[in-house]
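Based on the provided sequences and hints, a complete structural model is requested.
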Amino acid sequence: MLADETFCVVACDPEFEENSVANDTPIGIKSFGAYVPRRRLQRAAIAAAHQWAFPALKALGKGERSMCSWDEDVVTMAVEAARDCLKGREADPIAELTLASTTAPYADLNNAVLVAAALRLPAATSAADAGGSTRAGLTAVIRACHTSCAADCLLIASEKRSARPGSVQELQYGCGAGALVVGHGEGLIATYLGAETVSVPFISTFRAAGEDFDYGWEERWIRDEGAAKIVPTAVKRLLERVQRGAADVALFGVAGGPPGVGTLLGKLAGVVADRVLPDLQGSVGDTGAAHSVLLLVAALERAKPGDLIVIVSFAQGCEVVAFEMSAPATSHRGATRHRGLAGSLAERIEESAYLKFLSFEGHVALDWGMRAETDSKTALTQLYRSSDQILGFVGGQCRQCEAVQFPRMPACVKCGAIDSQRPFALADQPAAVATYTADWLMYTPAPPLYVGLVQFAVGARLLMEIVDVGLQGIEVGTPLNMVFRIKERDRARHFDRYFWKASPLLTPGET
Amino acid sequence: MASGIKDKVAIIGMGCSQFGERWDVGAEQLLNEAFAEAIADAGIGRAQIGAAWYGSAMEKSVGNSAIPLSTALRLEGIPVTRVENMCATGTEALRGAVYAVACGAVDIALAIGAEKLKDTGYGGLPSISKGTLNDLWMPYCSAPAGFAQLAAGYRAKYGVSKEDLKRAIGRVSWKSHQNGAKNPKAHLRKPVDMETILKAPIIAEPLGVFDCCGVSDGAACAIVTTPELARALGKQELVTVKALQLSTSSGREWGLSDWDGSYVQNTRNAARAAYREAGIKDPRRELSALEVHDCFSITELVTMEDLGVSQDGRAWQDVLDGVFDADGKIPCQIDGGLKCFGHPIGASGLRMVYEHYLQLQGRAGARQLADPQLGLSHNLGGVPYNGVCAISIVGVEGR
Chain A
1 MLADETFCVV ACDPEFEENS VANDTPIGIK SFGAYVPRRR LQRAAIAAAH QWAFPALKAL
61 GKGERSMCSW DEDVVTMAVE AARDCLKGRE ADPIAELTLA STTAPYADLN NAVLVAAALR
121 LPAATSAADA GGSTRAGLTA VIRACHTSCA ADCLLIASEK RSARPGSVQE LQYGCGAGAL
181 VVGHGEGLIA TYLGAETVSV PFISTFRAAG EDFDYGWEER WIRDEGAAKI VPTAVKRLLE
241 RVQRGAADVA LFGVAGGPPG VGTLLGKLAG VVADRVLPDL QGSVGDTGAA HSVLLLVAAL
301 ERAKPGDLIV IVSFAQGCEV VAFEMSAPAT SHRGATRHRG LAGSLAERIE ESAYLKFLSF
361 EGHVALDWGM RAETDSKTAL TQLYRSSDQI LGFVGGQCRQ CEAVQFPRMP ACVKCGAIDS
421 QRPFALADQP AAVATYTADW LMYTPAPPLY VGLVQFAVGA RLLMEIVDVG LQGIEVGTPL
481 NMVFRIKERD RARHFDRYFW KASPLLTPGE T
Chain B
1 MASGIKDKVA IIGMGCSQFG ERWDVGAEQL LNEAFAEAIA DAGIGRAQIG AAWYGSAMEK
61 SVGNSAIPLS TALRLEGIPV TRVENMCATG TEALRGAVYA VACGAVDIAL AIGAEKLKDT
121 GYGGLPSISK GTLNDLWMPY CSAPAGFAQL AAGYRAKYGV SKEDLKRAIG RVSWKSHQNG
181 AKNPKAHLRK PVDMETILKA PIIAEPLGVF DCCGVSDGAA CAIVTTPELA RALGKQELVT
241 VKALQLSTSS GREWGLSDWD GSYVQNTRNA ARAAYREAGI KDPRRELSAL EVHDCFSITE
301 LVTMEDLGVS QDGRAWQDVL DGVFDADGKI PCQIDGGLKC FGHPIGASGL RMVYEHYLQL
361 QGRAGARQLA DPQLGLSHNL GGVPYNGVCA ISIVGVEGR
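Residue numbers (the working numbering), protein chains in the order written: chain A, 1 to 511; chain B, 1 to 399.
Keep in mind the hints are simulated off the structure, nothing from the lab. Being a predicted model, the structure only gives us computed values, none of them experimental. Some clues are possibly wrong.
PhoX-like cross-link-like pairs, simulated, lysine-lysine; straight-line CA separation at most 25 Å [stated by the list, open to error]:
| no. | chain 1 | residue 1 | chain 2 | residue 2 |
| --- | --- | --- | --- | --- |
| 1 | B | 130 | A | 377 |
| 2 | B | 118 | B | 182 |
| 3 | A | 414 | B | 157 |
| 4 | A | 377 | B | 60 |
| 5 | B | 130 | B | 118 |
| 6 | B | 235 | B | 8 |
| 7 | B | 118 | B | 162 |
| 8 | A | 304 | A | 267 |
| 9 | A | 414 | B | 199 |
| 10 | A | 356 | A | 62 |
| 11 | B | 281 | B | 329 |
| 12 | B | 199 | B | 162 |
Right, dumping it as C-alpha cells:
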C-alpha cells in the first residue's frame, strides 16, 4: 500500500500554514538564478565510445548533457547560480544560505560556508548544507517557505552527478545548479501556496557513503510501481488543500524518475498535457538535487501572473510544492540581465571528446608527465587571512590615490601608501583581455592553458586563467566575466584551491 | 651624486664551461670547469681571491646557501655569498663582486654562476612556489606563456599581422642558430632553416619550439680587481666594467592599466641608467655588440626597442632587414645567445659578459667581430610584466 498514513508525513503543520499563508505577509520567491556548465557533451559520442560493448546504448545517444570542466564542482556551480540570482539585489540582506546537494565536495567542511564566502555574504549569515537525497533541493525550498525568519533566505541546489562509464546513467545524468531567494512580504515573484510530502522507503537508486556511483533498480518498476502510484496522489492532496483543481495547473514539472515520467505523471494527475515542463533531459540531463529547482526556475521564466506552478521531486517518496505567480519574473528584476536557465542553455560549447569527459571526471588517468607532479598544498593559515581576497575576489582601493588593485598588499601599487586600502570587490566588475597566450607547455587538465592580463574597467589588472574559450577564441579587448573555479587540485590531501578565473562572453548559440 | 662604476673595476680572468645537456657531470664539475679557465686566464692563485659571489637560481639543482660553491671550489675562510634574482642571477653575482672591489672591501673578487637544469627529468624549467599568498591566486603558466603575451600586446599596439610577427620572431631564432653553429661551447650548434622554424609545434601561442631557448647545464665565471692591481699583475688593454644596472618590478605593469604589453619597462629603466653610467648617448651607433636575454624570440625582438637600438614599432622590420645578424649593423647574440649557447640560469649573465670579454680581446675565433668597442649584455628574470632586468656594459679601458 502506498501513501499509507503510517508512511505519510505532511511537512507543513496546518496551524503554521494558517498563520503564514492566510495572514497578510505571504511568503514566496523573490529572485531566481541558474547555472549550467557551458560544455555540452553529445550523447551520440558517449554511445559511440561504448558501441563495441553496449550497442543498445545507441538508442539513448540523442541530445546532449551538461558536463563540468575539470575545475567545476558543486561549490563553484552553486556560486554561479547564486550570483545570477542575487544580481541587482546586492543591498538586500540574506539571513540564511542553504546548499542542497548529494555530491558536495566535502564531507566535513561546511560547503555552504565556501559558497557564502565567494558571494561575500556577511559572516553572520547562517550557512548550512543539506543533502541525503536528490529531493533535498525541493525539501530545502519548502522548509525555507515555512521559515518565520524575517530576512530573506538563499537556497541553492547544485549537483555534479557521477556515473560509471558505460552505464545508462552516464547518458542521463548532468550537472548544474539553481538558486532562489525566498522571503516574506514585498517583492514576491511567486507566492508559496503549500507543499506535500510522502516519505516511503521506495529505493529507486542509492549511493552508499564514500562510494562514487549510484546503484539503480529497473526503470519500469520505478515508473509504474513508484512514481505513478506515489506522485499523483500527493499532487491531488496538495491541490485539494490549496483549493485548486488539476486543470488550474499552468506549469507542472517532475524531477527524479526515468526520462519522460513527467508526462505520465501529469496525465495521471489530470494536468493538461501541454502544461508539463520539458524535463531538460535533451539539453542538460538529470541534475539530481538541483533538478527540481531548475524546473522551478524554468517555470518562473515562463509563467504569467496568476499561473499555478506545481513542481515534484520524486525520491524515496516525493516532495510536491505549489506556487502562484504573482508578478512577471521581469518586474522585480528591473534592467539587470539575469542569465537564468534559458540563458544558461544558450551559452553552450559543444563537446564530443568522450575521453576529455572521462579525464575531467577522473575516470581515466592520463599521463600528464612530470610537470603535473607539483605539490599544491594550501597553507590554510594564509587562506584564512586572505579569504576575502581569494574566495570573495575582493581587492583594494587606495584611499589616497583611488587606484583599484588586486591583490590587496600592504602598500598601494600606484602611490605606495601603506595600509591605505579599503576593500573593493572585483567579481562583478567589467573586464577585458589586455594580453594573452595559449600555453601548451604548463600542466593543466584542460590544455591549452589560456592565460593573460585581465584589465578591469575600474583600473585594476591581474594575471588570470581564462576558461571556457569557445571556437571564436580571444583577442586583446575581448570582454570577460569572472567565474568562481577550482584553481588547483591537491591530489595528496584533497583540499582544492578555489579562486576566480575569467571567461569570455559567448555569442549565444556559439558551439 | 653617485659617480657610477665606469672604469673602476677590471675583469682579469673569465671562464665558461661547455653548455648543454651535461648528463655526465654535476654542478660541482661545471663550477670547477669555469673556475679553472678563469683562474688560469687571470694568472692568479686561488688564495688571492678575497671574496666570492655565487649565482644559482634553482635551489633544487645545487642546494641552497653559498656552501655548495665554497665546497666545490674549496674556498677556505673567505666570505662567499649566494645570490638569486631569477634569470638576472649571473649578473647579480657579478654586481656583488664588482661592487666589493670598487668600494675597496677586497682586492680580488670572484663572480660565478651555475645551473644544473638537466636533473629534472623533463625539458623546460621546473615550476616553483610563488609564495603562500600568490599560490592561491596566481596562475601557474610556463615561462614561454609569460613572454608570449608580449606578442599579443605588440601586435595590438603596432597593428602588425600575426604572420609578419611570426616571420620576424622566426628570423630572430634563425640568426642565433647561424651564430651558434660557430661556437664550440654552444649547446645547439646546428643552423636551422626558416621553414622548419615556422612550422614547429606551438609551445605558447605564437611561440613554437624554435622560438624558445635551450635549457642547459653550465657555469661561467669572472675574476675582477681594480685597474691598478690588474696592471700590477701585468695585464694590458684592460676590459673594464662601464655600467652595471638593475631594475625590478613594483607590480605596476600587471597591477594598473598603463602598460600596453608591447615592451618591458624594466629593460627601459635599466638601459637608461646604464647608458648614463657608461656615458653612452646613441646606443645604436656606439654599441658594438649585444648579448640580450633571448629566452624567447619575441623577447629579443621587443628588447631591441627597449634598448633604443630600434625605434618603437620598428624592431620587427629591423630584424627582417638583418640589422642584428652577424654581418649587420649591431650583431646580436654573436655567440648563439640563450637560444643556442644555452641558458643555465645562474650562469647566463656571466656567459654574456664572457663573450664580450673574448670579443674585446680578439679571442672569439670564427665568430670574432671587427674592432668591437662596447658590448652590452641584458638579462630578464620573471615575466615581462613582473620581473627583473640586469644590464652590464663592458669595454676596453680608456676607449
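Compare the structure with the hints numbered earlier in the document and write down the numbers of the violated ones, lowest to highest. Hints 7, 9 contradicted; others consistent.
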